[in-house]
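**Student:** Listed below, chain by chain, are the residues.
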Amino acid sequence: MKFVTTALAALACAGTASAFTPNAAFLPKTTSRFNTAMNANVLKLSDPMSEILYKTDVFIFDCDGVIWRGDSLIDGIPETLEKLRAMGKKMFFVTNNSTKSRAGYKKKFDSLGLDIPAEEIFSSSFAAAAYMEQTKFKETGKKVYIIGEVGICEELDLIDVPWIGGPQDADKQPDMGPGGKLDHDEDVGAVIVGFDRTVNYYKIQYAQLCINENENCEFIATNTDAVTHLTDAQEWAGNGSMVGAIKGCTGQEPTVVGKPSPLMIDYLCTKLGLERSRICMVGDRLDTDVLFGTDNGLQSLLVLSGVTSEEKLLSPENTITPDYYADTINDFFLEAPAKVES
Amino acid sequence: SSVVARQRTTSVQNNKTVTCNYSTSAPRMMANVDRLTDPKSFLDELDVFVFDMDGVIWRGDSLIDGVPETLQKLRDEGKQMFFVTNNSTKSRAGYKKKFDNLGLDFIPSNEIFSSSFSAAAYLEMTKFKETGKKVYIVGEVGIGDELDLIGIPWIGGLDDQGKQPPMGPGDRLEHDHDVGAVIVGFDRNFNYYKIQYAQLCINKNPDCKFIATNLDAVTHLTDAQEWAGGGSMVGAIKGCTGRDPTVVGKPSPLMIDYLCDKFGFDRKRICMVGDRLDTDIVFGANNGLQTLLVLSGVTSESKLLSPENKVTPTFYTDSIVDFFADRA
Numbered sequence: 248m249k250f251v252t253t254a255l256a257a258l259a260c261a262g263t264a265s266a267f268t269p270n271a272a273f274l275p276k277t278t279s280r281f282n283t284a285m286n287a288n289v290l291k292l293s294d295p296m297s298e299i300l301y302k303t304d305v306f307i308f309d310c311d312g313v314i315w316r317g318d319s320l321i322d323g324i325p326e327t328l329e330k331l332r333a334m335g336k337k338m339f340f341v342t343n344n345s346t347k348s349r350a351g352y353k354k355k356f357d358s359l360g361l362d363i364p365a366e367e368i369f370s371s372s373f374a375a376a377a378y379m380e381q382t383k384f385k386e387t388g389k390k391v392y393i394i395g396e397v398g399i400c401e402e403l404d405l406i407d408v409p410w411i412g413g414p415q416d417a418d419k420q421p422d423m424g425p426g427g428k429l430d431h432d433e434d435v436g437a438v439i440v441g442f443d444r445t446v447n448y449y450k451i452q453y454a455q456l457c458i459n460e461n462e463n464c465e466f467i468a469t470n471t472d473a474v475t476h477l478t479d480a481q482e483w484a485g486n487g488s489m490v491g492a493i494k495g496c497t498g499q500e501p502t503v504v505g506k507p508s509p510l511m512i513d514y515l516c517t518k519l520g521l522e523r524s525r526i527c528m529v530g531d532r533l534d535t536d537v538l539f540g541t542d543n544g545l546q547s548l549l550v551l552s553g554v555t556s557e558e559k560l561l562s563p564e565n566t567i568t569p570d571y572y573a574d575t576i577n578d579f580f581l582e583a584p585a586k587v588e589s
Numbered sequence: 022s023s024v025v026a027r028q029r030t031t032s033v034q035n036n037k038t039v040t041c042n043y044s045t046s047a048p049r050m051m052a053n054v055d056r057l058t059d060p061k062s063f064l065d066e067l068d069v070f071v072f073d074m075d076g077v078i079w080r081g082d083s084l085i086d087g088v089p090e091t092l093q094k095l096r097d098e099g100k101q102m103f104f105v106t107n108n109s110t111k112s113r114a115g116y117k118k119k120f121d122n123l124g125l126d127f128i129p130s131n132e133i134f135s136s137s138f139s140a141a142a143y144l145e146m147t148k149f150k151e152t153g154k155k156v157y158i159v160g161e162v163g164i165g166d167e168l169d170l171i172g173i174p175w176i177g178g179l180d181d182q183g184k185q186p187p188m189g190p191g192d193r194l195e196h197d198h199d200v201g202a203v204i205v206g207f208d209r210n211f212n213y214y215k216i217q218y219a220q221l222c223i224n225k226n227p228d229c230k231f232i233a234t235n236l237d238a239v240t241h242l243t244d245a246q247e248w249a250g251g252g253s254m255v256g257a258i259k260g261c262t263g264r265d266p267t268v269v270g271k272p273s274p275l276m277i278d279y280l281c282d283k284f285g286f287d288r289k290r291i292c293m294v295g296d297r298l299d300t301d302i303v304f305g306a307n308n309g310l311q312t313l314l315v316l317s318g319v320t321s322e323s324k325l326l327s328p329e330n331k332v333t334p335t336f337y338t339d340s341i342v343d344f345f346a347d348r349a
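Top line first, the protein sequences correspond to chains A and B. All letters in the first sequence, in the order written, are residues 248 to 589 by the numbering used here. All letters in the second sequence, in the order written, are residues 22 to 349 by the numbering used here.
Any given hint might turn out to be false.
Said to hold, decoys possible - Derived pair list, reagent style EDC-like, types lysine to aspartate or glutamate, alpha-carbon separation capped at 20 angstroms:
| id | chain 1 | residue 1 | chain 2 | residue 2 |
| --- | --- | --- | --- | --- |
| 1 | A | 385 | A | 432 |
| 2 | B | 184 | A | 482 |
| 3 | B | 225 | A | 479 |
Unchecked claim - To list a few chain B residues with every Cβ distance to chain A over 12 angstroms, as calculated:
| id | residue |
| --- | --- |
| 4 | 57 |
| 5 | 88 |
| 6 | 127 |
| 7 | 170 |
| 8 | 172 |
| 9 | 282 |
| 10 | 325 |
Hint data in this document are derived by calculation from the structure and do not stem from the laboratory. Think of the CB as a built atom: it goes at the ideal place given N, C-alpha and C, for glycine as much as any other residue.
All chains, full assembly: derive it from the sequences and hints.
**Tutor:** As structure tokens, then:
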């Protein structure tokens with residue numbers, strides 16, 4: 248009895264199978280919308296006005312991979328930014344790169360032909376200074392020890408917080424002979440660690456002493472990016488290295504002021520009274536930019552003009568979902584394509 | 022000072038038995054950390070000693086009083102001994118010179134296990150030479166010297182001190198695609214060139230290993246203060262690769278497994294002697310050894326006995342000289 252049932256079932260299946268043999272005439276046309284079935288919630292921007300522009304008052308743009316790549320402006324950007332301004336949209340430009348101050352970044356924008364006011368630029372060097380202001384560091388009367396480049400130094404100068412270290416410790420060596428020690432300033436109340444191409448053992452030891460021996464000394468990181476685009480030609484070890492070194496000798500986790508920490512968003516929203524759901528974060532990295540947006544109640548747009556490929560975005564390993572993705576921000580003003588007839 | 026035993030009271034509250042631990046006026050201490058009071062009995066149970074060096078044998082560059090005589094007496098009683106250090110800056114031969122300078126010339130170099138040697142031993146155990154690849158070293162001479170002894174080609178090390186990668190528009194740092202492992206040890210010449218080179222090897226060369234000699238947060242470069250240790254260099258490479266290294270030094274079991282495989286020791290008759298709870302004692306306890314914490318290094322009695330400390334050595338004592346205190 249069992250055998251017969253099985254045989255009949257096999258016949259039934261075979262019959263069914265032949266009815267579903269793929270025939271080219273019946274295959275649905277493949278469009279990018281069908282590719283998104285791999286990761287069901289990732290939608291390509293196809294109707295920018297209704298999908299984003301009408302819902303957004305403020306844009307926050309990551310810089311590298313969105314506005315420029317290394318030292319080259321991405322084509323079409325100036326016109327796109329002008330059109331957004333003409334629509335009455337506000338914008339801010341954030342970067343996790345702490346090597347320049349806002350004023351320093353303004354120079355870069357100027358050299359690329361983009362006339363952006365410094366107040367719209369949020370470098371992580373500025374974020375660190377904003378954090379010091381929020382936490383009223385100046386009232387402690389203490390100093391900051393900086394591992395980092397001029398950007399952090401300039402931003403702390405602007406808010407009058409005294410600091411030591413930075414570029415002047417670039418070529419120093421501590422005294423490591425018998426009985427040698429590195430004397431550190433006991434008035435350091437915070438160590439700020441940012442990307443530093445002249446990081447060395449002197450700086451690591453100085454920071455270690457401050458954090459481990461000065462009471463309540465804070466450990467602040469501008470960002471923890473593993474890699475960064477110093478030049479177009481390859482991926483360069485990022486501030487995650489400098490921060491990793493200080494974590495490794497203190498066992499402490501830093502307060503991170505740059506993306507994806509909420510600090511910069513909280514600062515903007517508090518200062519300008521913005522409504523989060525009407526802000527759109529635009530970036531090229533899932534783990535900093537998009538996460539920054541989604542974790543903070545913002546809309547998010549991932550652009551493929553930087554480090555993230557469409558394949559990486561849509562792969563099953565990726566668990567971070569932007570609201571939409573697009574090739575570049577110029578797509579805000581592309582005509583919506585005619586809907587595909589199925 | 023002796024350990025204050027905790028007093029317990031048991032009461033019944035809401036039909037549940039509740040046990041409260043409190044001591045009288047003394048601060049709460051751990052009940053089961055025993056001072057070594059009968060060293061001869063302890064020695065009779067042991068065949069092999071594994072000594073940490075810094076804080077046990079010497080402190081920085083100064084020998085701890087009474088150590089040479091103690092080691093000689095242990096040898097006379099037929100005990101075997103090994104000396105381990107997480108410091109990778111010297112090879113075993115380099116440490117032998119330090120032992121000689123301190124008057125411990127009766128210690129042969131094959132009893133010395135620096136983490137530089139451990140890294141080389143690990144590459145031997147994993148047959149790295151058969152891959153035909155090279156090693157990129159972030160570290161000082163010790164690692165390169167040990168790799169030379171086993172015929173493994175390497176680049177980096179001291180050669181990359183003072184280097185700067187080209188970082189102008191369009192620049193890149195060229196790296197050797199034949200690097201099959203990056204070994205990271207304590208490196209006082211640490212710089213961005215080395216960080217970037219290691220990042221490229223680990224992230225771009227398929228199956229490139231990431232090996233760390235140790236993760237110590239601080240080390241005693243000099244007597245005068247605590248110095249940022251190998252944990253910093255390793256932390257930097259973790260931070261730009263997102264990878265965790267294979268650690269060859271304490272408290273990884275590698276060195277103990279190597280010793281036991283090679284010599285066939287009974288782990289219960291080996292005693293790990295050290296001054297650090299989180300490396301030395303954990304190392305011993307996790308590997309089935311007896312452990313002795315000495316107070317001649319970085320750990321104070323109050324730190325050992327504080328309620329925050331969760332690591333329990335078999336015994337503790339002031340220094341290894343106490344092994345013969347009852348027979349002085």
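**Student:** If you check each hint against the structure, which ones fail?
**Tutor:** none
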